[in-house]
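Letter by letter, the chains look like this.
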Amino acid sequence: MEMFLMAAVMSLLAVAVSAALFAAATRDDRPEATGSVKRVALEPQRFFASAPGAGPAVQAGPEAESVPVEALLLRIEQHIRLEQAAAESFLHTPNGQSLHSPTTSRLVN
Amino acid sequence: MTTASADVLVGIAPQEAARVLALGASIRLSAGQVLFNLGDAAQSLFVVERGRIALTLPMTLRDKEQDVLIEERSPGQSLGWSALVPPHRFTLKAAAAVDTEVLALPRAALFDHFAAHPAVGYAAMRNLGAVVGHRLQVMQTMWLREVQRVVEISRA
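Here the protein sequences come in this chain order: E and V.
Residues 16 to 124 in the numbering used here are what the first sequence lists, from first letter to last.
Residues -1 to 154 in the numbering used here are what the second sequence lists, from first letter to last.
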């Protein structure tokens, strides 16, 4: 009888220790899994970052990014000239239509 | 440059205009040379005698400052009227677009002359008022057109 009780207590102790170890192991895994999910969710927002292993399609930005600075500068100066001409036209014949006449400027079209 | 071609001296008798121009000194600039920078103290009004002056404003493009051309001034046209208007600081940058010569008219000499010859001063300041007023009207119109665009974009 004593032997049976000792074996039963040892078995219960072994089960308890196993359960504790299992719980500890499960707790260690959870934060890592959540972190991975968060990283995966955040990655698509890095629009202009070149992700490791990303292809050319991912690295390409919007059209403005691909225009050289010199060309962009020319567009801005052309826009200013067109707007000055539109303003001169309005001052020559002031009315609502000439004030908000459409522009052919590539900067805003 | 003939005296009749200076915008600031329109309507002033040739001999009177010649006296005003005699207050100035010619400055030669090679292409690209800066006449004044944005924020510099404005001591002189300038009249372009030969060549072209580019008026620019700085703009940041891709984290780099670039000079954007706003206007050009050609022979007979004045620039640098900030010299006559407080707080006497230039609000644009001016540089020679090509080899250029400008006449620099110091503020103190001009104001002394205008005080001694009020009719000349009146005509010159009236001409200057027209130049400044026109610039204001053009800029005001350009600004309103941009505001309209912003309104349309924000509604879209």
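Be aware that a few hints might be false.
[Unchecked claim] Covered stretches of chain V, as calculated for chain E (at least 3 residues, CB under 8 Å): (1) 49 to 61; (2) 65 to 77; (3) 106 to 120.
Rather than coming from a laboratory, the hints here were simulated on the basis of the structure.
Remember, it's a predicted structure, so these values are computed and weren't measured experimentally.
Backbone N, C-alpha and C fix where the C-beta goes; we use that ideal spot for every residue, glycine too.
- In ascending order, which of the hints set out earlier in this document are inconsistent with the structure? Number 3 only.
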